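Asks: The task is simple: from the sequences and hints, build the whole structure.
Those protein sequence lines, which keep their order, are chains A and B. Be aware that the first sequence starts at 1, since it is given in full-length UniProt numbering, and climbs by one per residue. Be aware that the second sequence starts at 1, since it is given in full-length UniProt numbering, and climbs by one per residue.
Check the hints yourself; a few may be wrong.
Here chain A is said to cover these stretches of chain B; the calculated rule only asks that three of the stretch's residues, wherever they fall, bring their Cβ under 8 Å from a Cβ of chain A [claimed, not checked]:
hint, segment
1, 653 to 662
2, 684 to 691
Here are the simulated lysine-lysine pairs, BS3-like style, with alpha carbons at most 25 Å apart [what the hints assert, rightly or not]:
hint, chain 1, residue 1, chain 2, residue 2
3, A, Lys247, B, Lys666
4, A, Lys247, B, Lys713
5, A, Lys247, B, Lys722
6, A, Lys246, B, Lys316
7, B, Lys316, B, Lys262
8, B, Lys665, A, Lys246
FRET-style restraints, in silico, Cβ to Cβ [said to hold, decoys possible]:
hint, chain 1, residue 1, chain 2, residue 2, range
9, A, Asp94, B, Glu674, 52 to 58 Å
10, A, Gln59, B, Asp657, 52 to 58 Å
11, A, Pro38, B, Thr708, 35 to 41 Å
12, B, Glu674, A, Lys198, 49 to 55 Å
These are computed hints drawn from the structure, not numbers from a lab. Note that the structure is a prediction, hence the values are computed from the model and not measured. Virtual Cβ for every residue (Gly too), placed ideally from N, Cα, C.
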Amino acid sequence: MALKQISSNKCFGGLQKVFEHDSVELNCKMKFAVYLPPKAETEKCPALYWLSGLTCTEQNFISKSGYHQAASEHGLVVIAPDTSPRGCNIKGEDESWDFGTGAGFYVDATEDLWKTNYRMYSYVTEELPQLINANFPVDPQRMSVFGHSMGGHGALICALKNPGKYKSVSAFAPICNPVLCPWGKKAFSGYLGTDQSKWKAYDATYLVKSYPGSQLDILIDQGKDDQFLLDGQLLPDNFIAACTEKKIPVVFRLQEGYDHSYYFIATFITDHIRHHAKYLNA
Amino acid sequence: MDLHDSEDRLQLFPEENTRMRKEVVQAEMANESRGAGDGKAQRDLQEEVDELVHLYGLEDDHELRDEFVDENMPRTGVSEYPPYVMKRRDPAREQRDWRPRGETVEAEDLGFGGWGSAGQCQDLREAYRYTHGRASEEYECYVIPEEEDEEEAADVFCVTCKTPIRAFQKVFDEHKEHEVIPLNEALESAKDEIHKNMYKLEKQIIQMENFANHLEEVFITVEENFGKQEQNFESHYNEILETLAQKYEEKIQALGEKKKEKLEALYGQLVSCGENLDTCKELMETIEEMCHEEKVDFIKDAVAMADRLGKFLKAKTDVEISAQPEFEDQTLDFSDVEQLMGSINTIPAPSAPVINPQAPNSATGSSVRVCWSLYSDDTVESYQLSYRPVQDSSPGKDQAEFTVTVKETYCSVTNLVPNTQYEFWVTAHNRAGPSPSSEHAVYMTAPSPPIIKTKEIRSCEEAVLICWESGNLNPVDSYTVELTQAESPEASGVTESVVGIPTCESLVQLQPGRSYIICVRALNMGGPSVRSEPATVHTIGSYFRLNKDTCHPWLIISEDGLTVVRSERRIPARELSSSDSRFTRCVAVMGNLIPVRGHHYWEVEVDEHLDYTVGVAFEDVTKQEDLGANCLSWCMRHTFASSRHRYEFLHNRTTPDIRITVPPKKIGILLDYENSKLSFFNVDLSQHLYTFSCQLHEFVHPCFSLETPGCLKVHNGISMPKHVTFY
Numbered sequence: 001m002a003l004k005q006i007s008s009n010k011c012f013g014g015l016q017k018v019f020e021h022d023s024v025e026l027n028c029k030m031k032f033a034v035y036l037p038p039k040a041e042t043e044k045c046p047a048l049y050w051l052s053g054l055t056c057t058e059q060n061f062i063s064k065s066g067y068h069q070a071a072s073e074h075g076l077v078v079i080a081p082d083t084s085p086r087g088c089n090i091k092g093e094d095e096s097w098d099f100g101t102g103a104g105f106y107v108d109a110t111e112d113l114w115k116t117n118y119r120m121y122s123y124v125t126e127e128l129p130q131l132i133n134a135n136f137p138v139d140p141q142r143m144s145v146f147g148h149s150m151g152g153h154g155a156l157i158c159a160l161k162n163p164g165k166y167k168s169v170s171a172f173a174p175i176c177n178p179v180l181c182p183w184g185k186k187a188f189s190g191y192l193g194t195d196q197s198k199w200k201a202y203d204a205t206y207l208v209k210s211y212p213g214s215q216l217d218i219l220i221d222q223g224k225d226d227q228f229l230l231d232g233q234l235l236p237d238n239f240i241a242a243c244t245e246k247k248i249p250v251v252f253r254l255q256e257g258y259d260h261s262y263y264f265i266a267t268f269i270t271d272h273i274r275h276h277a278k279y280l281n282a
Numbered sequence: 001m002d003l004h005d006s007e008d009r010l011q012l013f014p015e016e017n018t019r020m021r022k023e024v025v026q027a028e029m030a031n032e033s034r035g036a037g038d039g040k041a042q043r044d045l046q047e048e049v050d051e052l053v054h055l056y057g058l059e060d061d062h063e064l065r066d067e068f069v070d071e072n073m074p075r076t077g078v079s080e081y082p083p084y085v086m087k088r089r090d091p092a093r094e095q096r097d098w099r100p101r102g103e104t105v106e107a108e109d110l111g112f113g114g115w116g117s118a119g120q121c122q123d124l125r126e127a128y129r130y131t132h133g134r135a136s137e138e139y140e141c142y143v144i145p146e147e148e149d150e151e152e153a154a155d156v157f158c159v160t161c162k163t164p165i166r167a168f169q170k171v172f173d174e175h176k177e178h179e180v181i182p183l184n185e186a187l188e189s190a191k192d193e194i195h196k197n198m199y200k201l202e203k204q205i206i207q208m209e210n211f212a213n214h215l216e217e218v219f220i221t222v223e224e225n226f227g228k229q230e231q232n233f234e235s236h237y238n239e240i241l242e243t244l245a246q247k248y249e250e251k252i253q254a255l256g257e258k259k260k261e262k263l264e265a266l267y268g269q270l271v272s273c274g275e276n277l278d279t280c281k282e283l284m285e286t287i288e289e290m291c292h293e294e295k296v297d298f299i300k301d302a303v304a305m306a307d308r309l310g311k312f313l314k315a316k317t318d319v320e321i322s323a324q325p326e327f328e329d330q331t332l333d334f335s336d337v338e339q340l341m342g343s344i345n346t347i348p349a350p351s352a353p354v355i356n357p358q359a360p361n362s363a364t365g366s367s368v369r370v371c372w373s374l375y376s377d378d379t380v381e382s383y384q385l386s387y388r389p390v391q392d393s394s395p396g397k398d399q400a401e402f403t404v405t406v407k408e409t410y411c412s413v414t415n416l417v418p419n420t421q422y423e424f425w426v427t428a429h430n431r432a433g434p435s436p437s438s439e440h441a442v443y444m445t446a447p448s449p450p451i452i453k454t455k456e457i458r459s460c461e462e463a464v465l466i467c468w469e470s471g472n473l474n475p476v477d478s479y480t481v482e483l484t485q486a487e488s489p490e491a492s493g494v495t496e497s498v499v500g501i502p503t504c505e506s507l508v509q510l511q512p513g514r515s516y517i518i519c520v521r522a523l524n525m526g527g528p529s530v531r532s533e534p535a536t537v538h539t540i541g542s543y544f545r546l547n548k549d550t551c552h553p554w555l556i557i558s559e560d561g562l563t564v565v566r567s568e569r570r571i572p573a574r575e576l577s578s579s580d581s582r583f584t585r586c587v588a589v590m591g592n593l594i595p596v597r598g599h600h601y602w603e604v605e606v607d608e609h610l611d612y613t614v615g616v617a618f619e620d621v622t623k624q625e626d627l628g629a630n631c632l633s634w635c636m637r638h639t640f641a642s643s644r645h646r647y648e649f650l651h652n653r654t655t656p657d658i659r660i661t662v663p664p665k666k667i668g669i670l671l672d673y674e675n676s677k678l679s680f681f682n683v684d685l686s687q688h689l690y691t692f693s694c695q696l697h698e699f700v701h702p703c704f705s706l707e708t709p710g711c712l713k714v715h716n717g718i719s720m721p722k723h724v725t726f727y
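Replies: Right under this line is the structure:
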């Protein structure tokens, strides 16, 4: 697949690039950001995938989170795709900020209108990694995933649905139990229809309950003053309870005074990158 | 060596000869005197000479050459010329025609020019003549025909005549019967002969020099010995004289007394005799008077007189002379004088030896090596070394004194007490008796080795803190710590020593990831003790033990100092005595971490259902409060209630809100002084739990508390797992 480089900026000794390509899964042009650390000049590096939240593009993370220094130091290639297909001209895709454009929810839609393009789950778990492995100096065996909010949800479900594929997973203020929260209900009913059994396949809390796989070490940071937490959109307690039950190791940190913004992400991004580096560089 | 190859040279000889004679008369020394015309000949000769010099090693033998130079002998009789010089000349001569040719001689001498005078040459010739017993006339006659036969050189050697001759001469009558050998052979054998003799000469020189030295020494010794004998005799003699004088006085005095006695006795007798006489006379007179009296009075008096007479005459008159006029023969007891006389030749008792101060490091814990010297030539048969322990201030108790007899001037005294001072003194003995005692010297035994407190060793990757018991009742001067790396035992010997340690503990820098064997020695003025029992230290991870002194009364520490148990039983509160070091309110105990900044990592085994707190605290944390309740401690607390695990990370009573889904069974704790961080991990999952940022201005210690009965087990000596290194 032809990659078109959109931009390249040197940062902390490495290079922050943005590419565009024609996506097979999503049937449209997709942009993604990729950061190549200094180490990538000489050897293959592990890959860390960042999934952004509602309304974000590939730009938010790379410009606001301040992750470059940690990524550079630990020698990780960080890939940040867009949050949904763009310019597909689907009716209603731009109606709300929490459904459609910028709100892919990292599922493979089954409903009409959406099923052709809205296949973010497959994009993120299949197409994008293959693309990255083929075009960048990454080690295909060492891959991890993390994200924020909807991206946090995406990270959790990718890891839980693919035991062993990801060496580690972490999340900032993830939507832990979409089946039970307004966002989730809206998105899933739109993308997956009304059959709730299909929804559970994309719900971290449910997935944990039947997770058979290898040991995961999950780090979750949650701002205590996060409005959406208070609004019941995130529901981390459910997830924690399920993990406790299933003895899935989670360290959940409720950060006093922090909200849902990138300021919160920027504060703890280094901890998360280190968390991943521990497993990717082991 | 063919010295006669150059025909020109030979031709020159006659001219030179005449010139030479002139110069001989002048007795000149230098080459230069021979004039310019000689120049060429001179040089050729010089070459010859150099060859000669080289052949015979004369250049090395400066001594002899110098003798030639220096002996600017006057042209006097041959007899003054030492024959031995001649012998040296011989080899050179032998190479020439053995017929004594003046020119040959002179040429040669010219050759040795620089160090041969003309006069010398003449003398040499004469001397040669002398030693070879040839008449000068003969010599002269040979010379003349020589001049004609210049061209033909001697080429054989007549052994019989010991002279070189020309071959044809063999035919002559004189040499007809004689044995003849080629000149070269003769040369060689003559050379050898000379060499052998030279060698013998050298040896003799050395021998005589040595002998001369020896004689000198003996000479001096004779003087010394005389001096000694003189002194000895003088003192003996004086002693004898004194004794005699004394005896004389005594005897005279005794005689005087005796005389006095006799005279007094006699005088006494005289007096009583006189009295007797008086009485007799008186009686006589009375009797006479009586006789003139009337009858009646006479009878009266007569009776009385008769009585008196009778009595008087009854009394025995002693007419024995009480004191004899003769004096007894005095027996003069000269036995002691005789003894003295007899001992005049005996050796005196020796003078006092000088005892040496203690040589450093010559003592062991139970022995010292005492040395002394005798600074005189006295004969000594044995030495008697006495010693006793140095008295303390208590003078009343007399310490036992020991004595050893030895023949050498040193003695290793054993069976002593370590780290103790002993007084030593020594006397020298011979047949005459003992010498006066030497000064008293104090020697000290080395101390006993210390005992390392192995249970209290604290270490980390970069250092070890060892402490020990002195092993000695009395103080020692200092301690030495010796380290050897355990992995390389073949590199025998100590790799590192720390000396001059004043107290019973030491912090030693080490390399990480090694094993060390550590010993300690005590040191005093007698030397070092033997090594203590070794202790092994591994610089992997950090080692510490729980400190019993800080332990809350309800806690029991195991023997190995790594497990703490809280039993169900409780001691009533009033029995808890307050002390600065023990925890009172909080049922806790602290560990003794080595006070070294850097990384320290340890693990704690916990029970899921146990309420516990683990972390670090400053040494002076208030023991009356809970761990984490103040700003002097940072810890992780687990509470298990209603089947829920609750985790807090406490400092100054505050904790972040952290949920942990899988309760750790083994907690890894990383203390990082450099980055001011304290991190907690779930060891089994390699999961990072929490990190404190803490300002560690002083050293902290691990702390542990049990809020419910149960036990905590500490694991030490673990090197930081890789996942921990990310933090």
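Asks: Decide if the proposed pair is consistent with the structure: Lys665 (chain B) and Lys246 (chain A), CA atoms, cutoff 25 Å inclusive.
Replies: Given that 25 Å is the threshold and the Cα spacing comes to 16 Å, the pair holds.
Asks: Can the suggested window of 35 to 41 Å be confirmed for the beta-carbon pair Pro38 (chain A) and Thr708 (chain B)?
Replies: Roughly 52 Å apart at Cβ, these two residues miss the hinted range, so it is violated.
Asks: Within 25 Å, alpha carbon to alpha carbon, are Lys247 (chain A) and Lys713 (chain B)?
Replies: holds (24 Å)
Asks: Does the hinted range 52 to 58 Å hold for Asp94 (chain A) and Glu674 (chain B) at CB?
Replies: The hint (52 to 58 Å, Cβ to Cβ) holds, given that Asp94 (chain A) and Glu674 (chain B) are roughly 53 Å apart.
Asks: Kindly confirm whether 49 to 55 Å is satisfied by the beta carbon distance between Glu674 (chain B) and Lys198 (chain A).
Replies: Distance hint for Glu674 (chain B), Lys198 (chain A) holds at roughly 53 Å.
Asks: Between Lys247 (chain A) and Lys722 (chain B), does the CA-CA distance stay at or below 25 Å?
Replies: holds (23 Å)
Asks: Within the segment 653 to 662 of chain B, is the number of residues with a Cβ closer than 8 Å to a Cβ of chain A three or more?
Replies: Our answer is that it holds, as 7 residues pass the Cβ test (under 8 Å) against chain A, meeting three.
Asks: Mind checking the alpha carbons of Lys247 (chain A) and Lys666 (chain B) for me, to see if they're no more than 25 Å apart?
Replies: Since the Cα atoms of Lys247 (chain A) and Lys666 (chain B) sit roughly 16 Å apart, the hinted pair holds (cutoff 25 Å).
Asks: Under the criterion that the straight-line Cα-Cα distance not exceed 25 Å, is the pair Lys316 (chain B), Lys262 (chain B) satisfied?
Replies: holds (22 Å)
Asks: Quick check: do three or more residues in the segment 684 to 691 of chain B have a beta carbon closer than 8 Å to a beta carbon of chain A?
Replies: Check passed, 6 qualifying residues.
Asks: Is 52 to 58 Å a correct range for the gap between the Cβ atoms of Gln59 (chain A) and Asp657 (chain B)?
Replies: violated (32 Å)
Asks: Starting from Lys246 (chain A), check that the Cα of Lys316 (chain B) is at most 25 Å away, please.
Replies: Roughly 154 Å separates the two Cα atoms, so the pair is violated.
Comparing the model with each earlier hint shows violations of hints 6, 10 and 11; every other hint is respected.
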